[in-house]
Amino acid sequence: AQSVTQLDSQVPVFEEAPVELRCNYSSSVSVYLFWYVQYPNQGLQLLLKYLSGSTLVKGINGFEAEFNKSQTSFHLRKPSVHISDTAEYFCAVSESETSGSRLTFGEGTQLTVNP
Amino acid sequence: GAGVSQSPRYKVAKRGQDVALRCDPISGHVSLFWYQQALGQGPEFLTYFQNEAQLDKSGLPSDRFFAERPEGSVSTLKIQRTQQEDSAVYLCASSFWTGGSGVETQYFGPGTRLLVL
Chain A
1 AQSVTQLDSQ
11 VPVFEEAPVE
21 LRCNYSSSVS
31 VYLFWYVQYP
41 NQGLQLLLKY
51 LSGSTLVKGI
61 NGFEAEFNKS
71 QTSFHLRKPS
81 VHISDTAEYF
91 CAVSESETSG
101 SRLTFGEGTQ
111 LTVNP
Chain B
1 GAGVSQSPRY
11 KVAKRGQDVA
21 LRCDPISGHV
31 SLFWYQQALG
41 QGPEFLTYFQ
51 NEAQLDKSGL
61 PSDRFFAERP
71 EGSVSTLKIQ
81 RTQQEDSAVY
91 LCASSFWTGG
101 SGVETQYFGP
111 GTRLLVL
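Which chain is which? The protein sequence lines are A and B, in order.
In this text, residue positions in the first sequence follow my numbering: the first is 1, and each later residue adds one.
In this text, residue positions in the second sequence follow my numbering: the first is 1, and each later residue adds one.
Please note that a few of the clues may not be correct.
To be verified - Facing chain A, from chain B, some residues (calculated, C-beta under 7 Å):
| hint | residue |
| --- | --- |
| 1 | PRO8 |
| 2 | TYR10 |
| 3 | VAL19 |
| 4 | SER27 |
| 5 | GLY28 |
| 6 | PHE96 |
| 7 | GLY111 |
Stated by the list, open to error - Using C-beta positions, here's what the derived DEER-type ranges look like:
| hint | chain 1 | residue 1 | chain 2 | residue 2 | range |
| --- | --- | --- | --- | --- | --- |
| 8 | A | ARG77 | B | ASP18 | 42 to 52 Å |
| 9 | A | SER3 | B | GLN80 | 26 to 36 Å |
| 10 | A | ILE60 | B | SER27 | 41 to 51 Å |
| 11 | B | GLU71 | A | GLU16 | 49 to 59 Å |
| 12 | A | PRO40 | B | GLY59 | 21 to 31 Å |
| 13 | A | PRO12 | B | GLY72 | 29 to 39 Å |
| 14 | B | GLN80 | A | ARG77 | 20 to 30 Å |
| 15 | A | ASP8 | B | LYS78 | 18 to 28 Å |
No lab work stands behind these hints: they were computed from the structure.
All C-beta atoms, glycine included, are put in the ideal place defined by N, C-alpha and C.
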């Protein structure tokens, strides 16, 4: 069975500082990896996804993530954060390439950007 | 076009009441998923439809939970005899499966926040 661990439940940073949100996964087969963002009282919005190919994935809003198979990690990074990046971030994994590929989520990391 | 919509956005129920939560997926999306998100947790899979067929309901926590999608578009999640532990945000997601290679991207609705008193 697949699982996802987000190593930090809360990450406070100052505006314009770099940030890294950590995600590790476990699975017995090949996986597809996702980062979603959730703003208060809203649904989940896809930031980026890794399916295959280049291990460095670029997403929306200046975020990027790097897939590291040997360390089973998919950490999310942004070189300079804004106040508007304050939100909950979820890492997720899917094992199937066919229809019905359910997502397994981590518990989330609350990113708070302070002025 | 419009995204995934859910109604109601908020629902307060007394313990023992039945509730029905509605999801309108993006038009043309074949796949529809329901997830349950408890406070402070990540979403957890409940069930999956491909068109009108419910292909996976392994995540439904009890037989009080029932989902349907009779015409392959709108879906309803019904919870009978609600309990306090059912309090959560219920998220619906839809995706357009091409039938070929490539993983579906799931598009999420805003969720229904259910509070059982």
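Honestly, which of those hints from before does the structure not fit? Failing hints, ascending: 1, 2, 3, 4, 5, 6, 10, 13, 14 and 15.
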